[in-house]
Structure formats: C-alpha cells, structure tokens
Amino acid sequence: MTPRVRLFAWWIAIAVGLLLAACLPADHRLRGVPYRPVRPAPDLALTDQRGQSFSLQHYRGKVLAVYFGYTYCPDVCPITLAQLAQVWRDLSAEEARSFQPVFVTVDPERDTEAMLTRYLAAFDNAVGTDLGLGFIGLRGDSEALNKVLSDYNAKAYKRPQPSSAIGYTMDHTASIFIIDAAGRLVEWFPYGSATEDIMADIRYLIQQKEGR
Amino acid sequence: MQRSAVLIVGLLCIVLAACVAPPVVSPSERGDGVVVAEAWARAAATGNSAAYMILRNQGAVADRLIRAECDAAAAVELHQTSMEGGMMKMAPVDGIVVPARGQVELKPGGLHVMLIGLKRELKAGEKLLLKLYFEQGGVREIMAEVRQ
Ligand SMILES: [Cu+2]
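Same order as they appear, the protein sequences are chains S and R. Each residue of the first sequence is one higher than the last, beginning at 184 in this note's numbering. Each residue of the second sequence is one higher than the last, beginning at 192 in this note's numbering.
Be a bit skeptical, because a hint or two may be false.
Stated by the list, open to error - Derived pair list, reagent style BS3-like, types lysine-lysine, alpha-carbon separation capped at 30 Å: (1) R/K310 with R/K298; (2) R/K298 with S/K341; (3) R/K280 with R/K310; (4) R/K280 with S/K341; (5) S/K330 with R/K314; (6) R/K318 with R/K280; (7) R/K298 with R/K314; (8) R/K322 with R/K310; (9) R/K322 with R/K298; (10) S/K330 with S/K245; (11) S/K341 with S/K330; (12) R/K322 with R/K280; (13) S/K245 with S/K338; (14) S/K341 with R/K318; (15) S/K338 with R/K280; (16) S/K338 with R/K318; (17) R/K314 with R/K280; (18) R/K298 with R/K318.
The hints are simulated quantities; they were obtained by calculation from the structure and are not laboratory data.
Construct the entire structure; sequences and hints are all you get.
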C-alpha cells in the first residue's frame, strides 16, 4: 500500500468505528454511574411503614429509586427526597404510575413505622398528585438491614454524640440506586446529582419499558 | 459660547462630587458586630430541621456564634454536615467563627443551626424566630423564612 492508500484506510476505519459507537444500545444514555454489567437488584427484605413485608418482585414494571437515610438527618436526606418528589411531580400522570421512590432507614431504632409515616407524608404532599401508596419507607432489624446494606454495597455507622441532644448520628451512604422496570440494578447517582439528570434517566427507563 | 462651556464643566464637577461622596451607611451595617442575612429554615413535619444563613462580620474583630435558641425545637445546636467518600456525616461543632471583615455561610450539606425535636410542624411560608448568641456581639434575634 502506498502511504496515501494507507491513510485512506485509516479514515475509513475511524468512520466505521464512530458509526458503530453511535449504534450501540441503551446504557450510554444514562447520566448516573452505570452498573456494568447490569444485574438483578438484590431484594429489600424489610417491612414498610404500614407493617407490610416488602418484596421487589411486586414492583416489576416500575422504575424504583432507592435511598438509604434516617429521619433525624437535617439536610442531605430531605434534599434527596425532595429531589425525588420533584421528579415524581414533573412526570406525566401516566409516567408517574411507573415510578416508585423507596426510603430505607438506617436508623430503625428511632425511625418507627409511625415516624416514617409522618416523615414521608410531607414528601407525598410535595408531589401532590395521586400516588397510590406514595413514598415507601422500609425498616428492618439490624440483621435484615445489614444484609440489604451489604447487597447494595452501602454503609451505615452509628456515631455516639455525647455532647448533643440528638444522642447519636448515623454516617451513611447518600447515593440513589436506580432499579429498572425489569428489576435490574442499572445505575446509581452520587449525592448532589442534578435533579434534571435523575429526571432524564427515570423518564428514559420508563419509556424504555413502554417501548418493549 | 465660552460661558456655556464653563457651565457644563461646572455641572460635571457637581455630578462627579456626588458620585465620589461616601454612601450613607445605616447604623446596623456600620462595623461593630455580625450582620445576619438570608436566614431560612427547612420545612419539616416532624423530627428535626435545620436553619441556614449568611453571617457577615463587618467589624475589625473576629466573632463567634456560640449557641442558638428557638421556641419550636426541644434543643438547638450548631452542627456540621459533610460528605466523605459518598458517605454523609454530621457532628456538633464548638461554635462558628466569623472572621473580621469576613463571612461564613451556613448552608445545606455544611454548617447549620440544628433544630432538634420539633414541637410543631414547620410550614413553608411561615417565619421562625431564632436567637443567636455571639461571643462579642451578644444576642441577636432574627426571623428565618421556612422553605421546602
Ligand atoms: Cu445537624
């Protein structure tokens, strides 16, 4: 090959590569941190704020946003739940039926069913439309909770605060885990992600399900 | 012709003088002590909440916010939230120093006035009275707007 022909061959190779990249399916559109490969979401074998046992199986067909936190948290947790409330409110009525945010408390000692009910009702009110059950709050004993935490590679540590009226605080993972309508863990968002990015992915995953 | 030129120059001088003159300063902004701006508190149905604000020290000496009070909470403390390796942490702090001619921002994810054990719901739109105790400047009462 003459140098000119060789150069031409390179250009062709690059053009074909770019075309292939553009045709690659789905995942690259996600704005969070994708799981590679996507895997079945570990179950959340806990009970909800109404005392009912929860199972992910019952939520096939919905896109879930799972967040670990505690109601004594003054800002990081309410900021994240308010973001999810905003996403839920901004979805169309039809899309909204395919979305379910889930709050898993890392502080079941203080976050009783009654506490979770009152705490989450404020976020339901922020969404405002008919939500079915609304925000789901999950709790469990330390064994059940630790299983879920390790399955999601999330962490929570109790920190005694002897000088504070709060008694203790919880250090905890503050990411949002996204489960698609097929029950797969597809991506996670770090704390502080833009609401519009979360919104874009939730909507995309809901539409993907409808397109199937 | 010459007279009108003198007149214009004269007028310009008056305008310039007005611009250069020191602006009128209200007593509350004049040095001594910390000015509190943009105070707000997070709406909450139950449990805890937090108040945020900007503390501006226009004085020549550093001051320190040492504690706060609020009727709506069982206890009020100064806390700091931080993110470390994707984990949220929160701990009490021993006062918040406001440097001389400097400012400190209390904001979500950082320093805050923690409202522990709310005695009533904090509804968006209402005003919440907070008492701030400064080491140098003494007590200051402020109104924080409750927001989502
Ligand atoms: Cu705090």
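Evaluation of the provided hints:
1. R/K310 with R/K298: Cα-Cα ~23 Å, so holds.
2. R/K298 with S/K341: 24 Å, holds
3. R/K280 with R/K310: Answer holds: R/K280 to R/K310 is near 25 Å, not above 30 Å.
4. R/K280 with S/K341: 10 Å, holds
5. S/K330 with R/K314: Violated - the C-alpha atoms of R/K314 and S/K330 are around 37 Å apart, more than 30 Å.
6. R/K318 with R/K280: 28 Å, holds
7. R/K298 with R/K314: Judged against 30 Å, a Cα distance of about 19 Å means the pair holds.
8. R/K322 with R/K310: 17 Å, holds
9. R/K322 with R/K298: 18 Å, holds
10. S/K330 with S/K245: With Cα atoms ~23 Å apart, S/K330 and S/K245 stay inside 30 Å; holds.
11. S/K341 with S/K330: This hinted pair holds, its Cα atoms lying about 16 Å apart.
12. R/K322 with R/K280: Holds - the C-alpha atoms of R/K280 and R/K322 are around 26 Å apart, at most 30 Å.
13. S/K245 with S/K338: With a Cα-Cα distance of about 26 Å, the restraint between S/K245 and S/K338 holds, given a limit of 30 Å.
14. S/K341 with R/K318: 34 Å, violated
15. S/K338 with R/K280: Holds - the C-alpha atoms of R/K280 and S/K338 are around 12 Å apart, at most 30 Å.
16. S/K338 with R/K318: At roughly 37 Å apart (the allowed maximum being 30 Å), R/K318 and S/K338 break the hint.
17. R/K314 with R/K280: The given pair, whose Cα atoms are some 26 Å apart, holds under the 30 Å limit.
18. R/K298 with R/K318: Holds - the C-alpha atoms of R/K318 and R/K298 are around 18 Å apart, at most 30 Å.
Hint compliance for this structure: hints 5, 14, 16 are broken, all remaining hints hold.
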